[in-house]
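Asker: So the chains spell out like this:
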Amino acid sequence: MTRYLLKRFFTMLITLLGVSILVFLMIHLIPGDPVLNILGEFATEEAINNLKAELGLNQPLYMQYFSFIGNALQGDLGQSYITNLYVVDEIMNRFPITFQLAVYSLIIGAVVGIIMGTIAAVKQNTIFDQLAMMVSLIGISAPGFWIALFLIFVFAYQLPIFPISGYDGFYSLILPSITLGLATSGNIARMTRSSMLEVIKQDYMRTAEAKGVNVFRLIFGHGLQNALIPVITLIGLQFGHLLAGAVVTETVFALPGIGSLAIEAIATRDMPTIQGLVMFMAFIFIVVNLLVDIIYSAVDPRIKYE
Amino acid sequence: MASLQEKTIGKQDSDVSENLLSVKGLNVKFKSDNTKVTAVNNVSFQLKEGETVALVGESGSGKSVTSLSIMGLIPKHAGFVDGSIQLLGQQLNGLPAKQMRTIRGREISMIFQEPMTSLNPVHKIGDQIGKVIRLHENIKKEEITKRTIEMLVKVGIPRPDKIIKEYPHQLSGGMRQRVMIAMAMACNPKLLIADEPTTALDVTIQAQILDLMNDLKKQYSTTILLITHDLGVVAEIADRVMVMYYGQIVEEADVYTLFKSPKHPYTAGLINSIPNLEEMKSRLDPITGNVPNMGEITVGCPFRTRCNHAKDICSVKNPPLFKLENQTVRCWLHENKEVG
Numbered sequence: 001m002t003r004y005l006l007k008r009f010f011t012m013l014i015t016l017l018g019v020s021i022l023v024f025l026m027i028h029l030i031p032g033d034p035v036l037n038i039l040g041e042f043a044t045e046e047a048i049n050n051l052k053a054e055l056g057l058n059q060p061l062y063m064q065y066f067s068f069i070g071n072a073l074q075g076d077l078g079q080s081y082i083t084n085l086y087v088v089d090e091i092m093n094r095f096p097i098t099f100q101l102a103v104y105s106l107i108i109g110a111v112v113g114i115i116m117g118t119i120a121a122v123k124q125n126t127i128f129d130q131l132a133m134m135v136s137l138i139g140i141s142a143p144g145f146w147i148a149l150f151l152i153f154v155f156a157y158q159l160p161i162f163p164i165s166g167y168d169g170f171y172s173l174i175l176p177s178i179t180l181g182l183a184t185s186g187n188i189a190r191m192t193r194s195s196m197l198e199v200i201k202q203d204y205m206r207t208a209e210a211k212g213v214n215v216f217r218l219i220f221g222h223g224l225q226n227a228l229i230p231v232i233t234l235i236g237l238q239f240g241h242l243l244a245g246a247v248v249t250e251t252v253f254a255l256p257g258i259g260s261l262a263i264e265a266i267a268t269r270d271m272p273t274i275q276g277l278v279m280f281m282a283f284i285f286i287v288v289n290l291l292v293d294i295i296y297s298a299v300d301p302r303i304k305y306e
Numbered sequence: 001m002a003s004l005q006e007k008t009i010g011k012q013d014s015d016v017s018e019n020l021l022s023v024k025g026l027n028v029k030f031k032s033d034n035t036k037v038t039a040v041n042n043v044s045f046q047l048k049e050g051e052t053v054a055l056v057g058e059s060g061s062g063k064s065v066t067s068l069s070i071m072g073l074i075p076k077h078a079g080f081v082d083g084s085i086q087l088l089g090q091q092l093n094g095l096p097a098k099q100m101r102t103i104r105g106r107e108i109s110m111i112f113q114e115p116m117t118s119l120n121p122v123h124k125i126g127d128q129i130g131k132v133i134r135l136h137e138n139i140k141k142e143e144i145t146k147r148t149i150e151m152l153v154k155v156g157i158p159r160p161d162k163i164i165k166e167y168p169h170q171l172s173g174g175m176r177q178r179v180m181i182a183m184a185m186a187c188n189p190k191l192l193i194a195d196e197p198t199t200a201l202d203v204t205i206q207a208q209i210l211d212l213m214n215d216l217k218k219q220y221s222t223t224i225l226l227i228t229h230d231l232g233v234v235a236e237i238a239d240r241v242m243v244m245y246y247g248q249i250v251e252e253a254d255v256y257t258l259f260k261s262p263k264h265p266y267t268a269g270l271i272n273s274i275p276n277l278e279e280m281k282s283r284l285d286p287i288t289g290n291v292p293n294m295g296e297i298t299v300g301c302p303f304r305t306r307c308n309h310a311k312d313i314c315s316v317k318n319p320p321l322f323k324l325e326n327q328t329v330r331c332w333l334h335e336n337k338e339v340g
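Protein chains in written order, with UniProt numbering: chain V, 1 to 306; chain Z, 1 to 340.
Any given hint could be a false lead.
[Stated by the list, open to error] Computed list of lysine-lysine pairs in BS3-like fashion (alpha-carbon distance at most 25 Å, straight line):
#, chain 1, residue 1, chain 2, residue 2
1, V, K201, Z, K31
2, Z, K36, V, K201
3, Z, K165, V, K123
4, Z, K260, Z, K165
5, V, K201, Z, K140
6, Z, K337, Z, K323
7, Z, K165, Z, K140
8, V, K304, Z, K124
Hints listed in this document are in silico derivations from the structure and should not be mistaken for laboratory results.
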């Protein structure tokens with residue numbers, strides 16, 4: 001296991017290096033000059049050159065890259081062009097909100113999705129199945145901003161239970177979590193259903209039934225653990241997406257998370273922040289993937305890492 | 001008084017007490033598109049305590065469906081089970097699900113054809129065997145572990161204390177079938193249904209598993225209903241044989257009579273298609289054709305299309321079971337030889 005983890009750590013470094021090159025090139029090749037953005041269109045030639053020198057933008061591209069990667073390895077992702085704050089601090093300030101939002105949404109999505117999917121499979125082709133699949137279809141296809149606005153209208157405006165927007169502790173995360181959780185549950189429900197339908201047909205389910213196991217234990221004790229193996233991959237992917245910031249939801253609810261930071265940075269061509277954020281998101285994805293693989297071996301004894 | 005009355009009602013219609021299992025007029029139909037297809041057609045038989053009876057037939061003859069109906073494992077939405085199935089006088093068909101669960105695994109247990117897929121891949125061996133004991137008996141956890149290890153020793157598994165912590169994928173097919181047998185025998189059931197228990201195993205392992213079943217049978221005096229298409233297995237282990245064709249029992253006899261003088265042309269055909277070393281024949285005599293699809297034949301004897309002795313009456317009327325001296329047979333050839 002230790003050897004496996006070491007191997008995974010090295011592949012992680014290589015992946016991050018690849019991501020950094022791609023991000024760096026993309027940001028420097030897209031049209032638009034960050035210096036002009038900062039100084040305005042009527043800046044003098046001298047001022048432009050001075051700022052370029054100060055930001056290191058007059059150096060060749062590969063030199064810029066090496067200084068970026070050198071600093072990044074020391075945990076420094078640069079300073080924002082706009083706020084002058086360190087990008088790492090900026091991310092760390094905002095990440096807790098995104099993290100909480102992601103965890104709550106995932107809990108809602110996984111619990112609702114797995115229960116809905118399981119019921120749909122066990123009661124295949126009945127009204128329960130159709131109802132569960134309809135709800136999941138709505139979850140998948142309804143745009144996030146629409147669900148968000150609907151929830152705000154009902155539970156913050158008509159019935160003033162939750163705040164309309166802004167971040168003020170746990171309460172302000174409930175509606176956003178439901179918004180994201182609903183979308184997540186749709187995918188998880190569909191995957192759980194098809195996986196469970198496959199498992200129900202297996203011989204070991206018949207064996208369990210022949211032992212005298214009741215239906216509830218048969219489904220949740222014998223079937224679900226087998227059915228969850230593919231679902232875990234999906235949950236991991238969804239968690240990665242949620243952690244990378246739910247841009248639309250954070251914007252609608254005015255939550256100061258990673259997603260809204262990304263929107264602000266893109267709008268102002270704040271290159272260091274964009275770069276830092278993409279690197280951070282890539283890192284999160286890789287870590288979540290590793291976690292998923294470890295969880296796999298806990299759920300399925302046939303998977304062992306050497 | 002009330003309980004006595006209930007008991008009397010529960011026991012009414014019961015057969016002679018020595019019959020462990022009594023099946024009468026069993027019909028199983030499955031929904032297919034908009035029609036119902038008959039898979040088991042008016043099957044009746046009795047199993048006496050301690051005997052081993054083989055149910056023989058080709059694929060699609062209805063033998064597995066018969067065994068699943070006894071277990072109450074035909075899904076309600078798919079099939080209709082009609083007729084009487086009694087275990088020691090207790091009617092099983094139509095019993096509420098909760099009561100049926102107390103019978104499955106304790107009174108009647110079952111082992112299946114595919115040891116490779118019949119065990120849950122994510123549960124430990126010890127837990128899977130222990131589960132049966134826990135479901136049916138109210139005993140402590142340490143006691144369950146002890147019993148589980150005992151069962152594994154009985155089915156000849158080495159290092160049982162280690163095996164209980166292992167998962168099915170760590171065992172071979174023969175070992176897994178032993179685990180299945182240990183699981184089926186854990187609560188000392190009255191009836192063990194073995195559905196092609198050796199089909200998926202190679203020949204040396206087959207012999208070991210049959211020996212094991214013979215040993216356990218002697219030790220526990222369990223009644224065994226063996227479902228198989230392999231007459232070699234039948235000769236090895238069965239006391240009595242029932243031959244099924246197209247959802248009906250076509251011949252029933254003790255194992256010696258059946259092999260020595262099979263009366264139904266189908267049974268004779270099955271026996272002739274076994275290779276024989278003493279009579280060196282250049283070719284075997286297989287039965288030509290296939291079992292007709294369920295629902296294909298509605299009048300007459302379903303075997304007539306493959307039978308060399310078919311007469312006019314065979315295509316008009318399905319023969320009843322004729323009782324001969326040592327066996328019963330469903331064939332017009334034996335109409336006039338009936339006794340009693």
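Asker: Hint by hint, note whether the structure agrees.
Answerer: Hint check:
{"no.": "1", "hint": "V:K201 / Z:K31", "result": "holds, 18 Å"}
{"no.": "2", "hint": "Z:K36 / V:K201", "result": "holds, 22 Å"}
{"no.": "3", "hint": "Z:K165 / V:K123", "result": "violated, 34 Å"}
{"no.": "4", "hint": "Z:K260 / Z:K165", "result": "violated, 48 Å"}
{"no.": "5", "hint": "V:K201 / Z:K140", "result": "violated, 33 Å"}
{"no.": "6", "hint": "Z:K337 / Z:K323", "result": "holds, 8 Å"}
{"no.": "7", "hint": "Z:K165 / Z:K140", "result": "holds, 18 Å"}
{"no.": "8", "hint": "V:K304 / Z:K124", "result": "holds, 15 Å"}
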